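Same order as they appear, the protein sequences are chains A and B. The opening position of the first sequence corresponds to residue 1 in my numbering, with each subsequent residue numbered one higher. The opening position of the second sequence corresponds to residue 1 in my numbering, with each subsequent residue numbered one higher.
Misleading hints may appear alongside valid ones.
Restricting the straight-line Cα-Cα distance to at most 25 angstroms, the calculated cross-link-like pairs of lysine-lysine (DSS-like) are [what the hints assert, rightly or not]:
| no. | chain 1 | residue 1 | chain 2 | residue 2 |
| --- | --- | --- | --- | --- |
| 1 | A | Lys159 | A | Lys20 |
| 2 | A | Lys112 | A | Lys20 |
| 3 | A | Lys40 | A | Lys159 |
| 4 | A | Lys20 | A | Lys57 |
| 5 | B | Lys48 | A | Lys159 |
| 6 | A | Lys20 | B | Lys257 |
Source of the hints: derived by calculation from the structure; they are not laboratory data. Note that the structure is predicted; figures quoted are calculated from it, not measured.
Letter by letter, the chains look like this.
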Amino acid sequence: MSRTFRLTPPLNDADTTALKIGDRVLITGTIYTGRDAAHKRIVEALQNGQEPPFPLKGAVIYYVGSSPAPPGRVIGAAGPTTSYRMDSYTPTMLQLGLKAMIGKGKRGEEVKAAMAQHKAVYLGAIGGAGALMARAIVEAEVIAYPELGPEAVRRLVVKDMPLVCVNDVHGGDLYLEGRRDYQR
Amino acid sequence: MSNLRTIDVALIRDTVADLCGQADLLLPADVRRALEQGLAAEESPVGKEILTRLLENADIAAAESMPICQDCGLAVVFLDVGQDLHLIGGDLVTAVNEGVRRGYERHYLRKSVCHPFTRANTGDNTPAVVHARIVPGDKVHLWVVPKGGGSENMSKVFLVTPAQGLPGVKERVLETVEAAGPNPCPPIILGVAIGSTFDDACLRAKRTLLRELGSVNPDPEAAALESELLTMVNNTGIGPAGLGGRVTCLGVFVDIKPCHIASLPLAVNVQCHAARHKEAVL
């Protein structure tokens with residue numbers, strides 16, 4: 001049976017090294033959002049010697065562009081977007097201490113190698129379950145690039161955000177392992 | 001001339017606005033049924049759990065008026081306009097776009113349309129993609145399909161050679177699904193159009209997604225291919241969310257049409273499990 005880990009960012013090497021593919025992870029605490037346009041801005045800022053919009057050391061980033069918050073809500077639907085589009089920016093961010101990425105879909109070989117090198121993990125959220133994922137988000141605030149609209153960087157406070165470890169620091173890949181028993 | 005039925009495009013605008021909201025907030029009944037059948041058929045415990053969560057997600061979305069998925073899609077609008085009808089009150093495409101603008105604002109839907117290079121968001125989810133055709137009768141049948149980017153990105157078009165034939169077509173459909181893997185939010189739905197031209201194949205592949213899951217294709221050749229492709233795709237083991245399982249695909253819709261003697265066009269439009277589509281007849 002799968003194990004469940006409760007983690008609170010910022011994460012350290014011990015947190016990520018303990019995880020193996022298939023482990024359930026419940027995150028409580030502060031995470032940051034970023035998808036295509038925000039990644040481009042963050043990496044450009046870093047290349048220009050500027051500070052990133054949030055501290056990368058130990059950080060957890062969620063690849064999400066939420067829908068607008070209806071009245072009385074902190075956020076709209078907030079499920080993961082497809083992660084490979086962030087691959088070209090990811091090694092730079094891992095090098096600066098990013099410890100976990102939350103998304104859906106396959107990562108490239110270069111990203112997997114960088115995850116192993118920098119002891120970072122890739123956690124899967126259920127794609128297309130935006131209304132369900134929103135329930136784990138208790139606070140949301142735009143902290144950078146507001147002009148990007150749904151792609152702006154947000155600081156989220158989450159409670160028991162349900163995830164599964166898809167890529168661990170040991171080179172495991174749940175997308176490759178998981179289907180083995182069901183392939184005919 | 002004087003007996004022509006007239007419809008003000010303002011009615012089309014308002015209907016499009018309503019359908020955008022309904023489509024993004026309410027999972028269609030056929031998709032729900034397919035997910036329930038998938039849950040009964042799934043062998044993988046993780047796969048069962050994912051399918052259960054997806055049904056729960058649809059319930060939450062409906063109860064709380066939240067979008068099923070934060071990707072509320074690029075609005076693809078199909079219109080079958082009766083040739084005995086006179087549209088008044090302005091330009092049809094402008095009215096559709098205004099409907100999309102109002103619907104996405106009113107229902108708190110994500111605006112996901114941007115300039116291709118600068119990536120600057122247009123701010124109101126327009127322009128919509130509008131496919132209008134003239135049909136017999138004096139009614140307007142319209143469908144709103146909010147199409148998510150993640151699954152659209154996994155879609156492919158192939159110009160297969162006649163020598164590669166049907167086996168080549170099957171191989172490429174499977175290749176598309178394998179390349180997509182977990183990315184397009186499986187369990188997926190496939191719109192597969194074979195024949196005609198490059199452009200027509202793509203449009204027909206999209207149009208097949210208007211079909212109801214579980215409906216029988218009236219073309220027996222297409223129906224047989226649908227069932228064969230469904231088995232092939234489910235045998236990949238990709239499963240719900242790509243975490244492994246027997247339910248990779250909820251349905252395959254095939255449309256076959258004659259083509260040029262030199263060609264065998266094939267378009268595969270990949271749709272996610274949040275297969276949103278709502279329609280109305282005016």
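Worksheet item: Failing hints, ascending?
Response: Hints 3 and 6 contradicted; others consistent.
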